[in-house]
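Using the hints, position chains B, C and D against chain A.
Residue numbers (our numbering), protein chains in the order written: chain A, 257 to 602; chain B, 257 to 602; chain C, 257 to 602; chain D, 257 to 602.
One or more of the hints may lead you astray.
Heads up, the list lumps identical chains together, so a pair's fine if it works in one copy or across two of them.
Only pairs whose alpha carbons sit at most 20 angstroms apart, straight line, appear in this in silico EDC-like list of lysine to aspartate or glutamate [to be verified]:
(1) Lys350 - Glu283
(2) Lys461 - Glu558
(3) Lys505 - Glu558
(4) Lys291 - Asp347
(5) Lys461 - Asp556
(6) Lys505 - Asp424
(7) Lys381 - Glu558
(8) Lys461 - Asp326
(9) Lys381 - Asp425
(10) Lys461 - Asp535
(11) Lys461 - Glu283
(12) Lys461 - Glu299
(13) Lys505 - Glu517
(14) Lys484 - Glu558
(15) Lys461 - Glu517
(16) Lys484 - Asp424
(17) Lys291 - Glu343
(18) Lys461 - Asp526
(19) Lys505 - Glu591
(20) Lys484 - Asp514
(21) Lys484 - Asp425
(22) Lys291 - Glu517
(23) Lys505 - Asp425
(24) Lys361 - Glu558
(25) Lys419 - Glu517
(26) Lys381 - Glu307
(27) Lys461 - Glu307
(28) Lys419 - Glu388
(29) Lys507 - Glu560
(30) Lys381 - Asp514
These are calculated hints, taken from the structure and not from any lab test.
Number of protein chains: 4
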Amino acid sequence: MRLALIGATGYAGLELLRILSRRQGDELVLVTSRKETGRRLTEIFPALAGEANYNDLTLTAPTHLSGQADIYLLAAQHGAAMNLVPELLRDGAKVIDLSADFRLKSAQLFDRWYGPHSSPELLPKAVYGLVELYRQSIATASLIANPGCYPTSIILALAPILKASLLDDSQVIVADSKSGVTGAGRGASQITSFCEVSDNFRAYKVSGHRHSPEIIQELSILNGQVVKLTFTPHLVPMNRGILSTIYLKIKGQPKLVDLREIYLEFYRSDRFVRVRPLDYPPETADVRGTNYCDLGLFYDQESELYKIVSVIDNLCRGAAGQAVANLNLMTGRPEDLGLSGSGLRP
Amino acid sequence: MRLALIGATGYAGLELLRILSRRQGDELVLVTSRKETGRRLTEIFPALAGEANYNDLTLTAPTHLSGQADIYLLAAQHGAAMNLVPELLRDGAKVIDLSADFRLKSAQLFDRWYGPHSSPELLPKAVYGLVELYRQSIATASLIANPGCYPTSIILALAPILKASLLDDSQVIVADSKSGVTGAGRGASQITSFCEVSDNFRAYKVSGHRHSPEIIQELSILNGQVVKLTFTPHLVPMNRGILSTIYLKIKGQPKLVDLREIYLEFYRSDRFVRVRPLDYPPETADVRGTNYCDLGLFYDQESELYKIVSVIDNLCRGAAGQAVANLNLMTGRPEDLGLSGSGLRP
Amino acid sequence: MRLALIGATGYAGLELLRILSRRQGDELVLVTSRKETGRRLTEIFPALAGEANYNDLTLTAPTHLSGQADIYLLAAQHGAAMNLVPELLRDGAKVIDLSADFRLKSAQLFDRWYGPHSSPELLPKAVYGLVELYRQSIATASLIANPGCYPTSIILALAPILKASLLDDSQVIVADSKSGVTGAGRGASQITSFCEVSDNFRAYKVSGHRHSPEIIQELSILNGQVVKLTFTPHLVPMNRGILSTIYLKIKGQPKLVDLREIYLEFYRSDRFVRVRPLDYPPETADVRGTNYCDLGLFYDQESELYKIVSVIDNLCRGAAGQAVANLNLMTGRPEDLGLSGSGLRP
Amino acid sequence: MRLALIGATGYAGLELLRILSRRQGDELVLVTSRKETGRRLTEIFPALAGEANYNDLTLTAPTHLSGQADIYLLAAQHGAAMNLVPELLRDGAKVIDLSADFRLKSAQLFDRWYGPHSSPELLPKAVYGLVELYRQSIATASLIANPGCYPTSIILALAPILKASLLDDSQVIVADSKSGVTGAGRGASQITSFCEVSDNFRAYKVSGHRHSPEIIQELSILNGQVVKLTFTPHLVPMNRGILSTIYLKIKGQPKLVDLREIYLEFYRSDRFVRVRPLDYPPETADVRGTNYCDLGLFYDQESELYKIVSVIDNLCRGAAGQAVANLNLMTGRPEDLGLSGSGLRP
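Bound conformation, chain A alone (with noise of 0.2 angstroms):
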């Protein structure tokens, strides 16, 4: 397969362009960017240099894309896949859009969080990339909204719950989530500089992120019915790694070593889901440029409040990683093409 990516030079690019570089099979073309036109892709990122074909590429301007290519991965920002998607599905081509524009399956949640949709029509179309919850659907789609970072700690640390109709909803699920600062891209920023984040940690969006809905969403229809829950991010001196700390209560009070049975029940076939032993809690680093999710089950006697703790990667399995695990289902590959091998520790 040719592929493109579309918005190379943002982290999401840049970690795609890594996971690639490992990954055998399919060829890449096409790199674009709007601001970088005309350069060469191993000037923006040295990094890369001597690996696969990239000394050879040159990033062009993100235009006549139809047809250059097979498959088209979309690292651009927010608001950019929706002008670009209807055209290249009209071509034929597929397309993994690593934006929020195909998440929410509402248009009206979607006008409220980011703006209007120029596209709304393909919302029902667009397949919600998670693999451990829609793999069959990823395989056949046409268009996967490849899930946000936050939503696949939260979602996956939850699904085994909601699915097995556990949730005790007298209380609101509190999400309290924190991130390494690659979430916050590339682009040159005062509040995300050395200075302002090192020996530093702030929340930031506490009143409401745009993330609450595709949460939401999403673990309303494992759920059956709406999910009342909360959530807040949080900014770590890091560079990668969301760790989501989630409190809940869950009807009939499991001991823990059954609730993990369910746990490990629900991801038996799943290969980037680790149910951790009782009593280890899960670290960012475990799973540092990989596509795990690690998941620690705890249960508080005093208050009565399980706390699920969930890490991944936000970069590689919040958003490349994953990107690649619905490329290879969507190419008949091995779920873990390019993505095997353990994380860089430390």
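For chains B, C and D alone, coordinates are given in the frame of chain A:
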């Protein structure tokens, strides 16, 4: 006054030395260390050379303490103070204990979380050294139990609501706290080594941390009845700082602007609590090296939960700084002697 | 005295505000910012709320400055001071300029590294504000050129040797310097974003950095003839601190213990230089938030090279701290007013 | 081939496991650890769960090693290999030793820096495992002395100049190196604790480090006569990476563009050395997790010194990666088997 610092070579000791180097009036006459007996203070902490009388101080063993000082600052490991305090008090000295030895009012509870207490008869005598709540009692106390770092951040965040009987207890309070690494102490340990902490994030003691009973004790006093709360600590790759994100329901769902008024009124005379403007999420770097506790108030319309974000410097406000505030009250000095001036940022 | 701070919103400005919040005696009456005109100071820097008179200060445009203050601290970008200073001096005010505008004595050299100078006639009038070398002249100066951060670390490291005519010039001096990221300023920039700096290390301006002529100018004055030296700056993933490792040959190959005597004697009356014990390599964290320069002396028997390790806090000693030391001298205050007390460690 | 990893629980061991998880062909049949005997590998390193055959491996004691494998990768502490190697070689196995035990050719020199050698007769048999210099010998060797991390970065930087007899020895070479903290190993230690390293920078072993004789040995072989060089290591608050800044005089003062040609020619067939474009200063993040050594060439007109900037990943290229490159050569595989693909950035 003659001051003694018992346990000078940990991070709380070092922070006390830093603050005392800026504070006029009392003289530090004794510094002790079990491990480093006989070495000069500035040999252990070269950063202190040239300040106050530190070039002249040599670490002695923590024995025969009585009579050497008027006020003893105890910055030793948990379990040490309970054996030293009885004699010191008998001899008429005053004690500010930075360990957990005298924080819990119940000897049974202490036993469950820390082990047997050797001086349980002193527990009722100890004053909990949180100046905003116990200023009067502190001024005349002979034994101060200096609050824990996490409890400080959480109690100050909730006191105005609990005191005003505004807590809606249909939802268990969630206190999700994140701490810098100095909280783990100065001893060598693999899990706090640079390479295990850097570019990593993790939770710990998820099922129960021994600061929980301290938090619940003080909140329940404020509330007039037992408060239900779960607390989870996390480790942030930074040196200093605690940020607690606290989720709760509030009776009558007040507007944020009104809630803020309640906070402003409650902390009207408190120099070290800053109730932040609405929509400004406090950052740990804002309080680095200071005795401030900054509070931010938020509301999530969807879930109807309030979120209080509270930040302190765990070593200063959460340990040495508030010990010095207590010292100031006990010696009739301005509460901020040695504690004024803005912090180090960046 | 009435003080004005021109260019208050950069890191040097913030550091000045931090130090002045601990310093009694003079009043800050004016803070200016071109970009943030009209905003309250504590809105830009919430960390400053509650200290000194900062809650009451609003940023004004840097116009009509004359007559508003007695001493002007200029912390603006390079190139701004040379246009402001003539009028201020004419009106009898004194100026401490933290930029590079008045550091070089040669207008030609300035032109080569920085561009044309608009007030070259003032260059001979400016006193280089390194208190250890020019204390007398500073006290009576009306225009201080506050030294650059790298030059401060290197000049103090070499002054005793050069002054004693001990340099063996058969080997070019190598000054390999490493700086924290605050040295790059507070503006948004991709190359100083957290994700580009964290877990990374790099050199920059390897073929020539504009601090070179300043270093060589001052060293040559000390030496009595031109000194040959190469200087390379590097960027360390930390906020503050400069460490310079300096390699040179010394005439007569003195023993380290004798060399140390020369340093101790040279800096006998200097409160802010700490000549460290032999075999203790100074660390930047030892001087964080202070005006110290710590020096360590080493000798490599194999190569017969001496190595001087010098550390400072680039924002304090390398900018705002030494500006305040100059201010103290100019106002007849103790040199360390506002600058005493040990630094923040960790 | 059956592979054994002796000393699996240090950082070099972990990095070998990471690389081997991506490498096909040989099977890891044995992992040993003195301290963690009997524990499962993934208990020590949860990050490895789910990769290769690691879920099935249990750490055994490093005894009765003979016959268990065909090639032994020794990642134990200095001093362990010299006692294990004689028997392994006698039994026909091959050994790649990542410690310093077999790097020096002179037993006397070894004794001076490391202590007495128990198998000095093997020193001449060991091949120094730097593939760019000794590719032929490595392929047929039975004992490989895997190079030290600092020496790798410095030797590769200077080899083309020395080999071309271009060194002007009127100036002692200065090699100023900066390393991430993984270089200090995985053991608990106060000086490598997060709070002592973070926001800090320091030099160590300034008067002499035991990598010096290794560096000088190899450079002198290249040069045809003894090279005079001083080496200073520094500790950077980052996990991985070494950057060496090397200062020297070059005969005839070639233009940089010509010097670069010499480098390009020298490393023409070397997949793991990237001679960078002029004016691009290599960064450690460019090589994180890879086997690359990136080189940048600079010239300072004022001092007439050349500066070579060299970066590697100390754990990969400086230890495990180059061990695997050696393994590949010894087993007739492509040199980059398991080592291809771009690194993790950011």
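Now for the hints, and whether the structure bears them out:
no.	hint	result
1	Lys350 - Glu283	within (15 angstroms within a copy, 39 angstroms between copies)
2	Lys461 - Glu558	between (30 angstroms within a copy, 14 angstroms between copies)
3	Lys505 - Glu558	both (13 angstroms within a copy, 19 angstroms between copies)
4	Lys291 - Asp347	neither (26 angstroms within a copy, 49 angstroms between copies)
5	Lys461 - Asp556	between (28 angstroms within a copy, 10 angstroms between copies)
6	Lys505 - Asp424	both (5 angstroms within a copy, 17 angstroms between copies)
7	Lys381 - Glu558	neither (46 angstroms within a copy, 28 angstroms between copies)
8	Lys461 - Asp326	neither (38 angstroms within a copy, 44 angstroms between copies)
9	Lys381 - Asp425	neither (31 angstroms within a copy, 44 angstroms between copies)
10	Lys461 - Asp535	between (31 angstroms within a copy, 9 angstroms between copies)
11	Lys461 - Glu283	neither (40 angstroms within a copy, 38 angstroms between copies)
12	Lys461 - Glu299	between (35 angstroms within a copy, 18 angstroms between copies)
13	Lys505 - Glu517	within (18 angstroms within a copy, 33 angstroms between copies)
14	Lys484 - Glu558	between (23 angstroms within a copy, 8 angstroms between copies)
15	Lys461 - Glu517	neither (35 angstroms within a copy, 22 angstroms between copies)
16	Lys484 - Asp424	both (11 angstroms within a copy, 17 angstroms between copies)
17	Lys291 - Glu343	neither (22 angstroms within a copy, 44 angstroms between copies)
18	Lys461 - Asp526	neither (33 angstroms within a copy, 28 angstroms between copies)
19	Lys505 - Glu591	neither (34 angstroms within a copy, 44 angstroms between copies)
20	Lys484 - Asp514	neither (25 angstroms within a copy, 25 angstroms between copies)
21	Lys484 - Asp425	both (8 angstroms within a copy, 17 angstroms between copies)
22	Lys291 - Glu517	neither (50 angstroms within a copy, 32 angstroms between copies)
23	Lys505 - Asp425	both (7 angstroms within a copy, 15 angstroms between copies)
24	Lys361 - Glu558	between (39 angstroms within a copy, 18 angstroms between copies)
25	Lys419 - Glu517	within (14 angstroms within a copy, 43 angstroms between copies)
26	Lys381 - Glu307	neither (36 angstroms within a copy, 35 angstroms between copies)
27	Lys461 - Glu307	neither (39 angstroms within a copy, 28 angstroms between copies)
28	Lys419 - Glu388	within (13 angstroms within a copy, 47 angstroms between copies)
29	Lys507 - Glu560	within (11 angstroms within a copy, 22 angstroms between copies)
30	Lys381 - Asp514	neither (38 angstroms within a copy, 46 angstroms between copies)
Hint compliance for this structure: hints 4, 7, 8, 9, 11, 15, 17, 18, 19, 20, 22, 26, 27, 30 are not met, and every other hint is.
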